[in-house]
Amino acid sequence: MMTKTLLCSLCPNCCALTVTMEGDAVTGCTGNLCTQGADFARQELTMPLRNVTTSVAVSGGLYPLCSVRLSAPIPLSRLTEAVDLLHGLTVTAPVAMGQVLLEDLLGLGVQVLSTRSVPAIHFCKD
Amino acid sequence: MNEPIMKDVVILGGGPAGLAAALALHEQGVRDLVILEREPEAGGILRQCIHDGFGLTRFHEALTGPEYAKRFLDPVRAEGIELHTGTTVTGLTDQRVVTAVSRRGLTQYQARAVILAMGCRERAAGALPMYGARPAGVFTAGVAQAYVNLCNNMVGREIVILGSGDIGLIMARRLTLEGAHVLGVYEILPHPSGLPRNVTQCLDDFHIPLHLSHTVTELHGAARLEAVTVCAVDDQRCPLPETARRIPCDTLILSVGLIPENELSRMAGVQLDSQTGGPVVDQFLQTTVPGIFAAGNVLHVHDVADDVSAEAEFLAEQVVRYLAGPLPPCPIAVTGRGCGHVVPQQLCRGEAAVLSFRPAAPRRHLVVEAVQDGQTLCRRTIPYATPAQMVHLPIPDLADGSPVEVCCYDDENPAV
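First to last, the sequence lines map onto chains G and V.
Each step along the first sequence adds one to the number in our numbering, with nothing skipped, and position 5 is 5.
Each position in the second sequence, counted from 1, maps to that position plus 126 in our numbering.
Hint data in this document are derived by calculation from the structure and do not stem from the laboratory.
Incorrect hints may appear among the rest.
Unchecked claim - Over the 10 angstroms line for every Cβ pair with chain V, so calculated as not near, a few chain G residues: (1) Thr3; (2) Leu33; (3) Thr35; (4) Ser55; (5) Ala57; (6) Pro64; (7) Leu65; (8) Thr92; (9) Met97; (10) Glu103; (11) Leu108.
Stated by the list, open to error - The calculated SDA-like cross-link candidates involving lysine to any residue, where the alpha carbons are at most 20 angstroms apart (straight line), are: (12) V:Lys196 to G:Leu113; (13) G:Lys4 to V:Lys196; (14) V:Lys196 to G:Met97; (15) V:Lys133 to G:Ala96; (16) V:Lys196 to G:Ala96; (17) V:Lys196 to G:Gln99.
Even for Gly, the Cβ is constructed at its ideal location relative to N, Cα and C.
Okay, chain G solo, but in the shape it has when bound (with noise of 0.2 angstroms):
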């Protein structure tokens, strides 16, 4: 048996959680001052989920940078690799916030969204 604390970030009472784990189960919880922190500590030391934020390469576009979320979050070990994808990435303005930029991330069944709208721009010949 091993014992791993951890700060539940779920709202600002921030409970100081004791996990007592048997390889990778969690098998007890204390100090969650309610039923989701013990949620939360399994999440977390089972597989951590984190949304990715970053930018998207724009052509054509008012702004060179198209700023970027996921519809949910993935887990924490694919996020380099997530964040790599997305950098290779190239988008043609308009850009809509909202838009989907890519279907399915990685086989996760997550979206690429637009966080920001990126009129085109049409450059004079003279």
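Position chain V against the provided structure of chain G, taking the given hints into account.
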């Protein structure tokens, strides 16, 4: 110059506070209003905050900054509320005359009420005791954020961060994701300044070390930063020279506090609070100059945008009342013990209010109470309180006119 344009309300700033105030005023029937915004787009600092976590309280979902701003900007546009971007306010008088400069020229407004919603700015390198030259490569966290998120310019490769405020923590993650190597975050206080969830998700997730009770004492390099010297500090925050270490790096990011931006307030003769850096206000968020109100980070620095929006909406209700007739006098002074400052600083008789403040240090089971004449007016116990999270304490209406004191204490640190 033409005659001033008459307005019921002029709002200085189109960030979260200004937009929320404008919408709430509009909903309550105030139509003769204008928002003046210095930047080319409204939204304030939210424009560059592409991380998520906004709107958790208000909308029960984790939005990014631009998405949160859109929730306010869309209705502002749909309702046709007058909003001028690219417009800098250069003058404000105690008679509520607002002077603004834009490409259209100089415009003056005579307002019945003015709402200060200018937000805050960052404390910069000049305010810190660091020896050495002033090479390139030293940025405040917000400036680095604007470069990276808005302009697509990377600020550096080998990065040291001074200060563990939320923007600094968020930039540690952001710069790591953009391929930089963040060597560490150095915090002069014995506890992190940012929210605990940011310490986990921005530092721990990326194995970025957080060095508490440490500071940067010297910059090295001529044209570009080449290294910094870091030192541990004692409990008086004095650097201990024997602990000095030289850390090679090309960039130093500063996240060492925010200062409410009150040049215009000062110009109008508004009294400022040396603790908050913002105006002294009464419980209606009216400053010491009648008809001039303040909300958001210009008043006191908030942790989350949701709180700013809520405060601005409360302010809008008070402005509606003010436009119908003067607000009650607020002669009752409020002070704090065990907490840095309390907003508002003045209360009236016969009307309930909400006091906002921060505990001096992180505490478990913190008791906060408001006391008048030795009588406890109200008391709340908070499971976990930290200076990073503002505390709100509703207090009942007061019958008596003597001063009110807010006390914060726990078992280990009893009220004196």
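Right, here's what the structure says about each hint:
no.: 1; hint: Thr3; verdict: holds (18 angstroms)
no.: 2; hint: Leu33; verdict: violated (6 angstroms)
no.: 3; hint: Thr35; verdict: holds (15 angstroms)
no.: 4; hint: Ser55; verdict: violated (6 angstroms)
no.: 5; hint: Ala57; verdict: violated (8 angstroms)
no.: 6; hint: Pro64; verdict: violated (4 angstroms)
no.: 7; hint: Leu65; verdict: violated (5 angstroms)
no.: 8; hint: Thr92; verdict: holds (16 angstroms)
no.: 9; hint: Met97; verdict: violated (6 angstroms)
no.: 10; hint: Glu103; verdict: holds (20 angstroms)
no.: 11; hint: Leu108; verdict: holds (17 angstroms)
no.: 12; hint: V:Lys196 to G:Leu113; verdict: holds (15 angstroms)
no.: 13; hint: G:Lys4 to V:Lys196; verdict: violated (41 angstroms)
no.: 14; hint: V:Lys196 to G:Met97; verdict: holds (9 angstroms)
no.: 15; hint: V:Lys133 to G:Ala96; verdict: violated (35 angstroms)
no.: 16; hint: V:Lys196 to G:Ala96; verdict: holds (12 angstroms)
no.: 17; hint: V:Lys196 to G:Gln99; verdict: holds (14 angstroms)
The structure is inconsistent with the numbered hints 2, 4, 5, 6, 7, 9, 13 and 15, although it conforms to all the rest.
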